[in-house]
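Asks: Let the hints inform the model, and build the full structure from the sequences given.
In case you want the letters, here they are:
Protein chains: 2
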Amino acid sequence: MASSLDSLEGEIETQNALFNELRLSGSDPAGLEEVKKKLGELKKSLGQAKAKVAADGSTASGSKEVPGKKKERILLKTAKGTRDYGPAEMFCREYVERIVKDCFSTYGGSCLDTPVFERKEILAGKYGEDAKLIFDLMDQGGEQLSLRYDHTVPLARYLAMMGGTNTQSKLWQVGKVYRRDNPVMSKGRMREFSQADFDISGTWDPMIPDAEIISLICTILSKIDVGEFTIKINHRKILDGIFEVCGVPADKIRTISSAVDKLDKLPWADVKTEMTEEKGLDPSVADKIGEYVKHKGGPELLAKLLADEALSANSSAKQGLDDMGLLFTYLSAYNVIDKISFDMSLARGLDYYTGIIYEAIVDASAPPGFKANPSVGSSSTPSPALPKKKVTKKLKNEDGEEEEEVDESQVGVGSIAAGGRYDGLVGMFSAAAAGDSKKSATSKGSIPCIGISIGLDRIFALVWPKWVEKGKRSKETMVYVMAAGDGLLVERMKLVKELRDANIKVDFLAKKKPKLPVQFAAGERDEVPFAIILGENEIKEGYVMVKQQKWEMIDGKKVKVLAEGDEKGEKVGRERLVEWLRATQIWKDWEDGKL
Amino acid sequence: MASSLDSLEGEIETQNALFNELRLSGSDPAGLEEVKKKLGELKKSLGQAKAKVAADGSTASGSKEVPGKKKERILLKTAKGTRDYGPAEMFCREYVERIVKDCFSTYGGSCLDTPVFERKEILAGKYGEDAKLIFDLMDQGGEQLSLRYDHTVPLARYLAMMGGTNTQSKLWQVGKVYRRDNPVMSKGRMREFSQADFDISGTWDPMIPDAEIISLICTILSKIDVGEFTIKINHRKILDGIFEVCGVPADKIRTISSAVDKLDKLPWADVKTEMTEEKGLDPSVADKIGEYVKHKGGPELLAKLLADEALSANSSAKQGLDDMGLLFTYLSAYNVIDKISFDMSLARGLDYYTGIIYEAIVDASAPPGFKANPSVGSSSTPSPALPKKKVTKKLKNEDGEEEEEVDESQVGVGSIAAGGRYDGLVGMFSAAAAGDSKKSATSKGSIPCIGISIGLDRIFALVWPKWVEKGKRSKETMVYVMAAGDGLLVERMKLVKELRDANIKVDFLAKKKPKLPVQFAAGERDEVPFAIILGENEIKEGYVMVKQQKWEMIDGKKVKVLAEGDEKGEKVGRERLVEWLRATQIWKDWEDGKL
Chain A
23 MASSLDSLEG
33 EIETQNALFN
43 ELRLSGSDPA
53 GLEEVKKKLG
63 ELKKSLGQAK
73 AKVAADGSTA
83 SGSKEVPGKK
93 KERILLKTAK
103 GTRDYGPAEM
113 FCREYVERIV
123 KDCFSTYGGS
133 CLDTPVFERK
143 EILAGKYGED
153 AKLIFDLMDQ
163 GGEQLSLRYD
173 HTVPLARYLA
183 MMGGTNTQSK
193 LWQVGKVYRR
203 DNPVMSKGRM
213 REFSQADFDI
223 SGTWDPMIPD
233 AEIISLICTI
243 LSKIDVGEFT
253 IKINHRKILD
263 GIFEVCGVPA
273 DKIRTISSAV
283 DKLDKLPWAD
293 VKTEMTEEKG
303 LDPSVADKIG
313 EYVKHKGGPE
323 LLAKLLADEA
333 LSANSSAKQG
343 LDDMGLLFTY
353 LSAYNVIDKI
363 SFDMSLARGL
373 DYYTGIIYEA
383 IVDASAPPGF
393 KANPSVGSSS
403 TPSPALPKKK
413 VTKKLKNEDG
423 EEEEEVDESQ
433 VGVGSIAAGG
443 RYDGLVGMFS
453 AAAAGDSKKS
463 ATSKGSIPCI
473 GISIGLDRIF
483 ALVWPKWVEK
493 GKRSKETMVY
503 VMAAGDGLLV
513 ERMKLVKELR
523 DANIKVDFLA
533 KKKPKLPVQF
543 AAGERDEVPF
553 AIILGENEIK
563 EGYVMVKQQK
573 WEMIDGKKVK
583 VLAEGDEKGE
593 KVGRERLVEW
603 LRATQIWKDW
613 EDGKL
Chain B
23 MASSLDSLEG
33 EIETQNALFN
43 ELRLSGSDPA
53 GLEEVKKKLG
63 ELKKSLGQAK
73 AKVAADGSTA
83 SGSKEVPGKK
93 KERILLKTAK
103 GTRDYGPAEM
113 FCREYVERIV
123 KDCFSTYGGS
133 CLDTPVFERK
143 EILAGKYGED
153 AKLIFDLMDQ
163 GGEQLSLRYD
173 HTVPLARYLA
183 MMGGTNTQSK
193 LWQVGKVYRR
203 DNPVMSKGRM
213 REFSQADFDI
223 SGTWDPMIPD
233 AEIISLICTI
243 LSKIDVGEFT
253 IKINHRKILD
263 GIFEVCGVPA
273 DKIRTISSAV
283 DKLDKLPWAD
293 VKTEMTEEKG
303 LDPSVADKIG
313 EYVKHKGGPE
323 LLAKLLADEA
333 LSANSSAKQG
343 LDDMGLLFTY
353 LSAYNVIDKI
363 SFDMSLARGL
373 DYYTGIIYEA
383 IVDASAPPGF
393 KANPSVGSSS
403 TPSPALPKKK
413 VTKKLKNEDG
423 EEEEEVDESQ
433 VGVGSIAAGG
443 RYDGLVGMFS
453 AAAAGDSKKS
463 ATSKGSIPCI
473 GISIGLDRIF
483 ALVWPKWVEK
493 GKRSKETMVY
503 VMAAGDGLLV
513 ERMKLVKELR
523 DANIKVDFLA
533 KKKPKLPVQF
543 AAGERDEVPF
553 AIILGENEIK
563 EGYVMVKQQK
573 WEMIDGKKVK
583 VLAEGDEKGE
593 KVGRERLVEW
603 LRATQIWKDW
613 EDGKL
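Residue numbers (this note's numbering), protein chains in the order written: chain A, 23 to 617; chain B, 23 to 617.
Each hint should be verified, as a subset may be incorrect.
Copies of one chain are not kept apart here, so a pair can be met inside one copy or by any two copies together.
[Claimed, not checked] Heads up, simulated SDA-like pairs for lysine to any residue below, C-alpha to C-alpha not over 25 Å straight-line: (1) K123 - E498; (2) K310 - D360; (3) K562 - A355; (4) K572 - F113; (5) K301 - W290; (6) K123 - I246; (7) K593 - T606; (8) K123 - N525; (9) K245 - E498; (10) K610 - Q570; (11) K519 - V196; (12) K245 - N525; (13) K537 - W573; (14) K494 - D124; (15) K610 - V600; (16) K340 - E296; (17) K142 - G197; (18) K123 - D523; (19) K569 - G615.
Note that these hints are calculated values from the structure, not bench results.
Replies: Structure representation (structure tokens):
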């Protein structure tokens, strides 16, 4: 019975995906209605089947079958926590990626590409508790391999291999990383997800690379339409100093730090309980910490902290505060200081950070409409919203894997980019490769680094609904070549090739004698700005008819608008066609990114 | 002892990689010499250690250690058959990818992205014997997953999920695929490699999508500097017809077809032996096949085959010959007929092809110089060249995995793109999902498809040596901002930000008070065409000094050439700096792709 539930759920996903694809490609309402109806029926069947399972009191798999159903059915779906991105979505994702990569090279970065899997020992001991989320490859009689968990560790491995004399100090990587986490697909939290990383390595003067990275992320987020954003910054050395000043025992500093890290999700009272009851911290010490970590601000907060005599007397805190002072000076030169929030509650999970840490957050979170995305691997249904805490419950999924069901309505997109300074990681590799685990981070082979990871899926979850709402195109074909009468297939092919050779993006209907309205409809589905019509006479006399068309959103619907006075089209000489197309206003608007 | 060999080999790889990186980044000769010396010493040690192992008559691992060596050493290397691509290489690869993607959209394609791993059942039964090369993920208490083996099967899965009403008929995918094959790194045959696929799906008029695909690959290969190329084309239905006409029993057709597939690597005599001795074919039947498959040519070969009465009487062959006739007509319209070789010996391995099949080949193969690439995972040493056959020998690698050592000097780059028509694959998925394994490919849910896969690594292996030889830049930074005297760090940052805000790619030295020559050297390492120098006076009076510089290959070495009359630089007003830069000849040449 469980397997018939799976099949139903698989079918619902497929129909869901189809529905969305049709909706986005502007399919006719009748077709949409039919798919919607089928979807409704399937969901009803699923409900009934689930009720039956509950009544039977059994979820054992494979024991019973829905009558009439055959056995060998395979599930047409992507793996849990992964999804396909169809043509319209990819057009938007490529646009976002192009901006990100362009900013990376504007800031002097060069691309690095590392394999999707690494030798397991390379990833071992880098992610603390989260190591359980690493995807391992099956041992098929060779090396022990794991899928990369982020881009930072492969970069550090690469830098250690290069031996520290690598002259390229700014490297970027864009690619997928893998975590066996609980997926919340609609908010862009997946098991396979795309990260764009930019890292600066090498020994430079204090806080200059740090300011470059902060300026870079501000440039990127300003260029992508993610809405208002803030860069929260803190410094590991200031945090450590605060813990020392407040009287946290040395062996409790990391665990208390990870309690502080939860302040963006939990109120102070809960964090304090964790510190005192779970982790045995003296309540008066916790209260002192509470006083410090509630502060947020700009340079004025820095002045206040510098005036705190206890803190200034602590060498770790003092070093961190001096760093922050320098950073603020540089961020003013970069003109991004108004985007910064010096946030004492920011702690960041990873152990390897040694200097400033930061997160970019946006006010907006993904709107509910985005939830119905195609090819969602997870089949969890949102529970009713509850305030403050995430609602999770233990479930067995179709593969018998125990998983938490996450209430999607309670999960924000969260930080869309994050990172920090990690001066010891490359040195760890160099030391381990030299067989000396006791070598310190400052020894030969160590390379100070700072970097940022941008969550491309989270950014896409913010940008995509706006993209759809604005009715942006999802293809860049500029010309559709068609012919009346006898089809003139070979003549169409020749013209298409001629235009493509001039680097114009052209398509035509792959039919021998298609009717003209069918060809127009095909061109309109691609929202092609130029329809070129060939005819016997036109070919003889060496010209073509060109109709210019564009689409506008009117009352939430896309409507074709012909250029003024262009209802009949324009006669253009074949020999000046390319030049003519490139000189039109529609062409220029497209090149300027307005269409 | 074995593990100490591994360590030495790991170190040699690291030093090799370092050496290449330094050489490409134009490092100083003294530094290069030092690395080279160290490399020599390491190789000597390796030789001695290997000799010792041989003398000991033991390769048991972990039993002995080189004196003074500690135990916990990890191997700093990428997984077998995978490699990093450093900044210079990635700059070239991105250039190749950009051309490919641009051609894809010029031909009306839209991007599709599928996950790197699939549910194992999706890949099952698609690759015949080669299924053993699929990388499986470890069962960590969830679904059974495998890394994708190509882009074709995930595409077919996607199309089947979309249910055949998908309106986007031209889809492209660019990404990595995975095969546990014997790597020959220097020739671009790896376990992780990049493929760019373009597929046309849907029911269109005969041979039009087929001609689009052939024209597309000709366009791409002409735009990338791969040298002379040929597209070999054959038709599965013609091959099957030949086998029928020659008298091959129906149950032997596929196995005889795969013998024919080896004709590009083996002489006819060997293939005949395989057919007759291994596969039990009557020698006279084999001889008849031999007569047919030796033919290569253009439209004139088609005429000859059509005149062959036995062949024309065979319905399968007749259908294939008619298809080819139509295809030749269309390929003439696309003006690519001179690139085509109708090659009766082309058979292609995969079972699922149903119509035309094709391969793009180049005369050139990767030159020996490319062998010394960085981060090569395999440590096999080429054996002396032997004629005709590949030289392989069984070895145990560092993980105890048995592997074949391939003589790299005997492996060509081979086909750089290949594909064919597969009208039944999507239908297989639809049928399997509906639980009906007997549904035919022509039933509802079936979608005819044709596609091509371009081997990006193989193309890179051809393009990269020329790229290096021509001394092309490996970075696109246009401006390096520097200052004399007091360093003027904040002023440099302000100018850098100003230029970056105008979308100019700019960098500067991340030091507070760097000496001017050090800044010039840093800019020259990036081969930046504009050096901008700030000074106290310049800032006060609102101008900057700009030096234009370019690099030329003179006697195989890159040499900086100052623009004529520009030895002292030029005074440019700050307010017109952006405009001025964009108006220079160097800038325009760069934009036109000449630099």
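Asks: Hint by hint, say whether it matches the structure.
Replies: Consistency of the hints with the structure:
1. K123 - E498: Both ways: K123 and E498 sit 20 Å apart in one copy and 12 Å across, limit 25 Å.
2. K310 - D360: So K310 and D360 fail the 25 Å test inside a copy (29 Å) and across (81 Å) alike.
3. K562 - A355: between (65 Å within a copy, 17 Å between copies)
4. K572 - F113: within (18 Å within a copy, 37 Å between copies)
5. K301 - W290: within (15 Å within a copy, 77 Å between copies)
6. K123 - I246: both (12 Å within a copy, 22 Å between copies)
7. K593 - T606: Result: close within a single copy only, 14 Å intra versus 38 Å inter.
8. K123 - N525: Both, since 23 Å and 12 Å are each at most 25 Å.
9. K245 - E498: both (21 Å within a copy, 20 Å between copies)
10. K610 - Q570: within (13 Å within a copy, 31 Å between copies)
11. K519 - V196: between (34 Å within a copy, 24 Å between copies)
12. K245 - N525: Between copies only: 11 Å across chains, 27 Å inside a chain, cut-off 25 Å.
13. K537 - W573: Answer is within; shortest intra-copy Cα gap is 23 Å, inter-copy 57 Å.
14. K494 - D124: both (21 Å within a copy, 20 Å between copies)
15. K610 - V600: Both: 13 Å inside a chain and 22 Å across chains, each within 25 Å.
16. K340 - E296: neither (28 Å within a copy, 79 Å between copies)
17. K142 - G197: both (19 Å within a copy, 23 Å between copies)
18. K123 - D523: between (28 Å within a copy, 15 Å between copies)
19. K569 - G615: Classified as within: same-chain Cα gap 21 Å, cross-chain 33 Å, threshold 25 Å.
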